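*Asks:* Work out the full structure: start from the sequences and follow the hints.
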Amino acid sequence: KMEELGCDAVVVEGMEAGGHVGTSTTMALLPQVTSAVNIPVIAAGGIADGRGMAAAYCLGASGVQMGTVFLASEECPISTEYKNMILEAVDTSTTLTGEKFGAPVRGIKNELTKRYHELEEKSSTLMELEELTLGSLRRAVCDGDVENGSVMAGQIAGLVSELRSVKTIIEETVKEAREVLQRTEI
Numbered sequence: 535k536m537e538e539l540g541c542d543a544v545v546v547e548g549m550e551a552g553g554h555v556g557t558s559t560t561m562a563l564l565p566q567v568t569s570a571v572n573i574p575v576i577a578a579g580g581i582a583d584g585r586g587m588a589a590a591y592c593l594g595a596s597g598v599q600m601g602t603v604f605l606a607s608e609e610c611p612i613s614t615e616y617k618n619m620i621l622e623a624v625d626t627s628t629t630l631t632g633e634k635f636g637a638p639v640r641g642i643k644n645e646l647t648k649r650y651h652e653l654e655e656k657s658s659t660l661m662e663l664e665e666l667t668l669g670s671l672r673r674a675v676c677d678g679d680v681e682n683g684s685v686m687a688g689q690i691a692g693l694v695s696e697l698r699s700v701k702t703i704i705e706e707t708v709k710e711a712r713e714v715l716q717r718t719e720i
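My numbering puts the sequence shown at residues 535 to 720.
To be clear, the hints were calculated from the coordinates, so they are not data collected in a lab. These numbers come from a predicted model, not from an experiment. Keep in mind that a hint or two might mislead.
Unchecked claim - Distance condition first, Cα-Cα at most 30 Å in a straight line; then the derived BS3-like pairs of lysine-lysine:
hint : residue 1 : residue 2
1    : 535       : 634
2    : 617       : 648
3    : 634       : 648
4    : 656       : 643
5    : 617       : 643
6    : 617       : 634
7    : 634       : 656
8    : 709       : 617
9    : 617       : 701
Stated by the list, open to error - Label-pair ranges, simulated between beta-carbon atoms:
hint : residue 1 : residue 2 : range
10   : 591       : 634       : 32 to 38 Å
11   : 649       : 713       : 41 to 47 Å
12   : 592       : 706       : 16 to 22 Å
13   : 704       : 618       : 21 to 27 Å
14   : 657       : 713       : 50 to 56 Å
15   : 701       : 633       : 35 to 41 Å
16   : 700       : 585       : 16 to 22 Å
Even for Gly, the Cβ is constructed at its ideal location relative to N, Cα and C.
*Replies:* Listed below in structure tokens is the structure:
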């Protein structure tokens with residue numbers, strides 16, 4: 535469909551990503567898409583270092599899109615509290631909300647996600663859940679309220695442990711990817 539529409543490339547994002555996600559993982563989805571299209575495929579979801587970049591290339595990607603690791607960059611204009619939530623995350627720090635109504639969102643567990651899950655268990659309506667989350671991303675990003683705000687981040691947040699510049703993130707990621715691909719023997 536993307537080729538028919540004249541797209542130059544397509545981003546394939548797995549459910550490991552932060553924010554609004556689907557139901558397939560990057561590792562399962564990426565090779566299926568790269569086999570189905572003739573345009574470049576950009577891999578996203580669960581990539582925060584050169585190992586992830588190398589894996590994406592091995593699965594047929596032409597490039598990668600990284601999000602969570604850049605949220606924890608020196609240049610990112612989000613609140614310090616949001617950045618710290620990412621830097622303090624471990625492999626089990628994220629959760630999905632919104633699955634009940636077919637709009638899953640991945641974020642770091644906090645009071646907001648806890649209340650959201652409680653409301654879902656009580657069979658709350660979509661409107662009640664939307665009232666809870668209205669303005670929640672702004673609360674976390676701008677106001678630094680990371681308990682009542684939506685702290686969207688991917689599962690890879692557990693790998694992000696230091697605040698670095700965008701330049702450093704890119705340089706280290708590319709360097710590591712090259713090293714991984716050079717030593718990979720099949």
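*Asks:* Given the hinted pair residue 535 and residue 634, is their Cα-Cα distance within 30 Å?
*Replies:* Given pair residue 535, residue 634 holds - Cα atoms ~28 Å apart, limit 30 Å.
*Asks:* Check whether the Cα positions of residue 709 and residue 617 lie no farther apart than 30 Å.
*Replies:* Measuring from Cα to Cα gives roughly 24 Å; hence the hint holds.
*Asks:* Need the status of pair residue 617, residue 648: alpha-carbon distance at most 30 Å?
*Replies:* 20 Å, holds
*Asks:* Hey, residue 656 versus residue 643, does the alpha-carbon distance stay inside 30 Å?
*Replies:* Roughly 19 Å between the alpha carbons, so the hint for residue 656 and residue 643 holds.
*Asks:* Does 50 to 56 Å hold as the CB distance between residue 657 and residue 713, or does it fail?
*Replies:* 51 Å, holds
*Asks:* If you draw a straight line from the CA of residue 634 to the CA of residue 656, is it 30 Å or shorter?
*Replies:* Satisfied, since the Cα-Cα distance of roughly 12 Å is no more than 30 Å.
*Asks:* Does the structure keep residue 634 and residue 648 at a Cα separation of 30 Å or less?
*Replies:* Holds, because 15 Å separates the two Cα atoms, which is no more than 30 Å.
*Asks:* Cβ-Cβ distance between residue 704 and residue 618: within 21 to 27 Å?
*Replies:* 22 Å, holds
*Asks:* Kindly confirm whether 32 to 38 Å is satisfied by the beta carbon distance between residue 591 and residue 634.
*Replies:* For residue 634 against residue 591, whose Cβ atoms are near 36 Å apart, the range 32 to 38 Å holds.
*Asks:* Is residue 617 close enough to residue 634, meaning Cα to Cα at most 30 Å?
*Replies:* 28 Å, holds
*Asks:* Given the proposed pairing of residue 617 with residue 643, does the C-alpha separation stay at or below 30 Å?
*Replies:* Given pair residue 617, residue 643 holds - Cα atoms ~14 Å apart, limit 30 Å.
*Asks:* Look at the Cβ atoms of residue 649 and residue 713 and judge whether their distance stays inside 41 to 47 Å.
*Replies:* 44 Å, holds
In terms of the numbered hints stated before, the structure departs from none.
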